[in-house]
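> Protein chains in written order, with our numbering: chain A, 245 to 551; chain B, 245 to 551; chain C, 245 to 551; chain D, 245 to 551.
One should not assume that every hint holds.
Since the list can't tell identical chains apart, any single copy or any two copies may satisfy a pair.
Using 25 Å as the maximum straight-line C-alpha spacing, the simulated DSS-like pairs for lysine-lysine come out as follows [claimed, not checked]: (1) K327 to K387; (2) K372 to K275; (3) K528 to K372; (4) K323 to K392; (5) K324 to K278; (6) K545 to K324; (7) K324 to K252; (8) K545 to K516; (9) K386 to K252; (10) K545 to K302; (11) K264 to K372; (12) K324 to K302; (13) K516 to K387; (14) K516 to K323; (15) K249 to K324; (16) K327 to K516; (17) K278 to K516.
To be clear, the hints were calculated from the coordinates, so they are not data collected in a lab.
So you can see what is in the structure, the chains are spelled out below.
4 protein chains.
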Amino acid sequence: MDYIKILKEIQSEISSLYTKGEVASYIPALKDVKADDFAMSLTLMDGSYYSVGSDDLKFSIQSISKIFSFTLALETYSKKIYKRLGVEPSGDPYNSLAQLEYENGIPRNPFINAGAIVVMDALISNFKDTDITFNEILSFIKKLSDNKNISYDQIIAESEIHSGYRNLALASLMKSFGNLSHDPRTVLETYFKMCAIKMTTKELSRSVLYLANDGFDPISGFKATSEQRAKRINALMITCGHYDASGEFAFNVGLPGKSGVGGGIVAVVPDKMGICVYSPKLNKQGNSLIGTKALELFTTKTGLSIF
Amino acid sequence: MDYIKILKEIQSEISSLYTKGEVASYIPALKDVKADDFAMSLTLMDGSYYSVGSDDLKFSIQSISKIFSFTLALETYSKKIYKRLGVEPSGDPYNSLAQLEYENGIPRNPFINAGAIVVMDALISNFKDTDITFNEILSFIKKLSDNKNISYDQIIAESEIHSGYRNLALASLMKSFGNLSHDPRTVLETYFKMCAIKMTTKELSRSVLYLANDGFDPISGFKATSEQRAKRINALMITCGHYDASGEFAFNVGLPGKSGVGGGIVAVVPDKMGICVYSPKLNKQGNSLIGTKALELFTTKTGLSIF
Amino acid sequence: MDYIKILKEIQSEISSLYTKGEVASYIPALKDVKADDFAMSLTLMDGSYYSVGSDDLKFSIQSISKIFSFTLALETYSKKIYKRLGVEPSGDPYNSLAQLEYENGIPRNPFINAGAIVVMDALISNFKDTDITFNEILSFIKKLSDNKNISYDQIIAESEIHSGYRNLALASLMKSFGNLSHDPRTVLETYFKMCAIKMTTKELSRSVLYLANDGFDPISGFKATSEQRAKRINALMITCGHYDASGEFAFNVGLPGKSGVGGGIVAVVPDKMGICVYSPKLNKQGNSLIGTKALELFTTKTGLSIF
Amino acid sequence: MDYIKILKEIQSEISSLYTKGEVASYIPALKDVKADDFAMSLTLMDGSYYSVGSDDLKFSIQSISKIFSFTLALETYSKKIYKRLGVEPSGDPYNSLAQLEYENGIPRNPFINAGAIVVMDALISNFKDTDITFNEILSFIKKLSDNKNISYDQIIAESEIHSGYRNLALASLMKSFGNLSHDPRTVLETYFKMCAIKMTTKELSRSVLYLANDGFDPISGFKATSEQRAKRINALMITCGHYDASGEFAFNVGLPGKSGVGGGIVAVVPDKMGICVYSPKLNKQGNSLIGTKALELFTTKTGLSIF
C-alpha cells in the first residue's frame, strides 16, 4: 500500500477542519501550542516508517501515558489489579464522580482518570518511592520507543498540580473508600508528571507497536507484556479508550486507540502497525477533532479496520 | 485448523460449569428449557460447517434479533436513524431508565432494550403496519440464514407482553420525550414477537455471516447491507453487544458478539466465520454463562481474536 | 386582623407579576384557562371566610387532590401504607424515574406522582372497583368542603390519559418492581379523573381546614383523620408539598402547603385557618408563580408562618 | 406544663433503646464516648431551665455547628450567600458527590457538608484569616449560649483532618467548579475545628433560643439575626436538618431541628423554647437514635409540634 500517498491525502482532506474544536484550556500551560500543528506517523512491523506533518514535534502525551502505566501494572500485579478497577466502558466523561461514588470507589477501567490514578497508586506501592516509580515508567516508555531522549514538561506538570482539583476530588473519594494506599496529593503529583511526558508522533507510533505484535517490539525484540495481555489492552482501548466517545471511535475508526487531551491519539492495527496522529484542537468529548477524523479517513482508505 | 477437535475440547472443558448460573426467570415461558442443553456452531465463508451439541435445537433468540432489526433500519433510514439513538456503550444494565431520562429519551445504542424499541418503532413507521413489519424482519432473517423454516413462539411472545412492564416503562418514557411515533404497547407487541423468534445455533451462525463478509452472504450472495455498515454493526457489537458486560466480553473473547437472554450468543470473526453458541443458564449480567466461556476458550485456542 | 385589607394589598402587589410564568402546556386541555385569573380565600376555624378575586371559579385541582387520597389511604391502611412509599423529600422533579429505579420502585413520598399513583392503587385494592374508588374520594372531598356540587372535568381527565406517558412510565416501572397491584393504565385512569376534579378557592380553603384542626372539620364536626395523622400530613406538605421547590416554599412561605399544576395552592395555618390561592401561570418547578408569591406576602404581612 | 415529669418519663421510656444504633466510627477519636450517656435539656424563653441526665457533659457538637456558621454567613453576606448554595432538601446522604457534580458544585443547602464547607469558605473570605474566622464563630456561640467556657477538642479536629477524605473530595469538587475561594485543605481545617467544638445539652438548648425568638436571645437580649432570617433558618432545619432523614424527623417530631454525628440534636419550639438532647449511638442515617426518639416522645407528650 502506498502509505505516503494516503497520508498526504488525509493531510489535505482534514485541512478544512482547522477552524473547528478548541485547544484544552483547563490545564493553563497546555494552551501554549500552535493550534494548526498536525502530524501523523505510521511505524510498521518491519520497522518501516511513514509520516506527514511535524512528526518531530514533542507534545504532551497526557492520557496516552495510561497505556504504558497500565501495562507496567499488569506486569507487576497480574490479575490482582482487577480487584481495584474494572474493564467496562464508563458511559460517562473521563472525570465523573457520580459513578465512582455509586460504585464504591472502584473505577470502571484503567483509562478513565480515576482508574489511572489507582494504577499509579499501585505502582508507587510496588516501587516504594514516587521518583523511582516515575523513572520506571519513563524508562519503560524509552525502551518501547527505542529512544532515550524522552522527558517530561515540568511547567505543565505543575500547572496540573495547581489546577487539578477534580482529579483531587476523584483521588480523595477513592481514598475515602480505601482504594488508594497513598496520600491523594502524592499520587497525583506523580500522575501529573507522567501525563506531562512529551513525545513526537514518530516516537509514539513506535512505542505502541508491541500492542500490534502480541506484546513484544518486533524491531528491538523488547518483550513488554504477554500476548494475552497485549490483546486485552487492545480490547480495553477499543471499548474504553476515548471516554464517552469510545463507541463513536470504534464505530468510525474501527481500531483500538487512546487519546490524550494534549491532542495526540495512538492507534493499533493488529499484526501490522502502530499509528499516532497529533492535532491539538479537541472535540466536545475532549479528543483531538482532526486526529479522530484523520484516523477515520485512514481506515476508510486502507480498509485496515479490525472489523 | 481442526475445528471439530477444538469444539469438542471446548464442550468437554465447559462441562464443569453446568451447575452455575440461572435460567432467565423474568419471562415465565423461558423457564421451560433444559438447563444443560449446549450447542456451538461455526459457519465458514466457504460454507463449511462445524458443530457440537444440539445444533438443531430451536431456542428463543431474544436480543440477538436486535442485530437484524437494526440492519434493516440502517437500510431503511441510513444515518437518519442516529437522530433517535446513539452508538455509545451505556455503562448501565440493558433496561436502565435513569440514563434514558437524563438523556431525554435518546437511547445510548441500538442494542439496549430502549434502542431496539426505537428501531422497531422506526420500522413500523416505514412498513406502515405491525404485521407487515414483523414479516419483513422474519423474511430478512430467513434470507440471511437461507432457511424458510423459521417462526416465533407465540406463548413466549405473549408471556413477555404480560410481564414486560419495565420495557413498557422504557417505551412510555421515550414516548413522553417524543422519541416514539406509535403507542408503546403496539411497538412492544411487535418487539416481543421478534424476540420470540426461534432458531438453532446452526441457523444463527449462518445468519451473521454477512457481518464477517462486508455486508453480503458469501454463500447465497444475498446483500444485506454495505461494507461500511457491516463494519459499524461489528463495532457496535463489540462496544455494546453485552450490556454492562460488553467490556468484559471484548476483554475475554475479543470478538464482536451479541447475546440474548434466551441463552444464545452470536459472534463474528471478520473475513472468516459466523459463530453461535447456546446454553440457557445466565451470568449476573444476563448473558449465557457457558456460552461466554465457550467463546473465550475458542479465541484462546484458535488465536482468532480481532486484537 | 383585617384579613380583607391584607388580601387586597396582596392582590394589588402581585399584579405586576401577571406577565411572568407559563400556563401548564403538557396537559392540552389545561391550556384553555384565562392566564390572569386570580383568587385567594381564607376559611377560619370559626367558619368566617375572606376572599379576593374569582373565588367562585372552578379550576382543576390536579395534585392538590393527593392530600385527600393520601388521607383516605391512611384511614384505610394506617402505617401499612409506608411499606409502599416513604416520607422523604425527593430532591428531584415530581416525575423523576431515575430515583424510582434506584430505589426499587418505592416512591419517596405520597406527593410526588409515583407516590400518589401507589396511593390510588392501594385505594382501588381496598374499594375493589375503580368507579367506587373514585366516588369514595369525591364524596370524601364533598364532606370536607361541606359542598355537594363538586365534580370532575372529563375532557381534562381524558386529555391526561392520552398524553400522560411519563406517568405511564412511572406506573409501569413500579409494576415491574411489584409495587402496583393493578394494571398501570387502570390505575392511571382513576388517578387522572381525581386530578381533574374542579373546585373553587373557597371550597378548597374549607376542605383543608381539618388539617389545621387536628383532623376534624371544626364547623361540620366531620372527623377526617386522627390528630397525629393530621400533623403528619402537614409535616409531609412542608417537606414534600412542592416537589423540588419544597425547601424554597418552606423558606419563603413557612406554611404546610400543596400545589397543583392547574394553578392552585392550598396552605394550612395550624389552629387557625385553611388557605387557597389560584393563578394558572407556573414557575419553573411547576408551581403557581403568583400563588407562591401571594402566600409569601400573606405570611410576611400576618406573621402567621409556623416558624 | 410539668416539664421535669415529662423529661423523666422520656428518660425512662428510651432506656430500652440503649442496645440499638452504633457510635460514629468514621472519626476515630469520636469512638471514645460512653455509649449509654444521655441528657436532655430545655431552656424556655423566660430563662427557666429543665433537664434530665448528664446535662453538664461536654460532647462534640459536629454538624450542629452548621446552624451557627450559617447564621453568621447570613449576617455577613445576606442574600448573596444563596448564589453559592441552595435551600432545598438534598434527598441524598449528607456527603453525596453525585448530586454536587450534577449541579455544578452548588450544594443543595447549608446543612449538608458541602454547603457548610462553602459557608466556611465565605466566612474565611470575610474575616481574611482562618484563626480569626474560627474565633469569630466561637465567640458568636459563646454569646448565644451566654457562656465563655466553650472550646474545641484538638484531638477530634485533627482526627477528622487526617481521615476526612470524603470531605476533601467534596471541597475539591467545588473548587474545580469555582465555588471555593481558598484551598480545600485550608477550609477543611477550620471546618473540622468548628465541628470539634464541645458543648453540653444545657449550653446548646440555650444557644438556639434566638431561633425560637425572632432572632434575638430573650434572656441576654443579644440580637443574633433578624426575625425573617431566624424563621428561614428554622424552615431550613425542618426541610434539611437531618440529611436524608429530614422528612422522617419532620414527620415524627414536627420541630425544626439539627443533628450532629457526635450524638447531639437541637430543636426549636417557636416562641417557646430551645431543646437539646444527647445520646451518642446513631441510626442508619447518622442521627442520634435515642435523641430522635426522645424528641418524638416530647412532642407527642406535650403537643408542641409546630403542625
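> Does each hint hold? Answer for all of them.
So, going through the hints one by one against the coordinates:
1. K327 to K387: Answer is neither; intra-copy 29 Å and inter-copy 46 Å both fail.
2. K372 to K275: neither (34 Å within a copy, 33 Å between copies)
3. K528 to K372: Answer is neither; intra-copy 38 Å and inter-copy 38 Å both fail.
4. K323 to K392: neither (30 Å within a copy, 47 Å between copies)
5. K324 to K278: neither (42 Å within a copy, 36 Å between copies)
6. K545 to K324: between (41 Å within a copy, 24 Å between copies)
7. K324 to K252: neither (45 Å within a copy, 31 Å between copies)
8. K545 to K516: both (16 Å within a copy, 22 Å between copies)
9. K386 to K252: neither (29 Å within a copy, 45 Å between copies)
10. K545 to K302: neither (28 Å within a copy, 42 Å between copies)
11. K264 to K372: Classified as neither; 45 Å inside a copy, 41 Å across copies.
12. K324 to K302: neither (35 Å within a copy, 41 Å between copies)
13. K516 to K387: within (20 Å within a copy, 36 Å between copies)
14. K516 to K323: neither (28 Å within a copy, 31 Å between copies)
15. K249 to K324: neither (46 Å within a copy, 33 Å between copies)
16. K327 to K516: neither (33 Å within a copy, 36 Å between copies)
17. K278 to K516: So K278 and K516 fail the 25 Å test inside a copy (31 Å) and across (45 Å) alike.
This entry does not satisfy hints 1, 2, 3, 4, 5, 7, 9, 10, 11, 12, 14, 15, 16, 17, going by the numbered hints stated previously.
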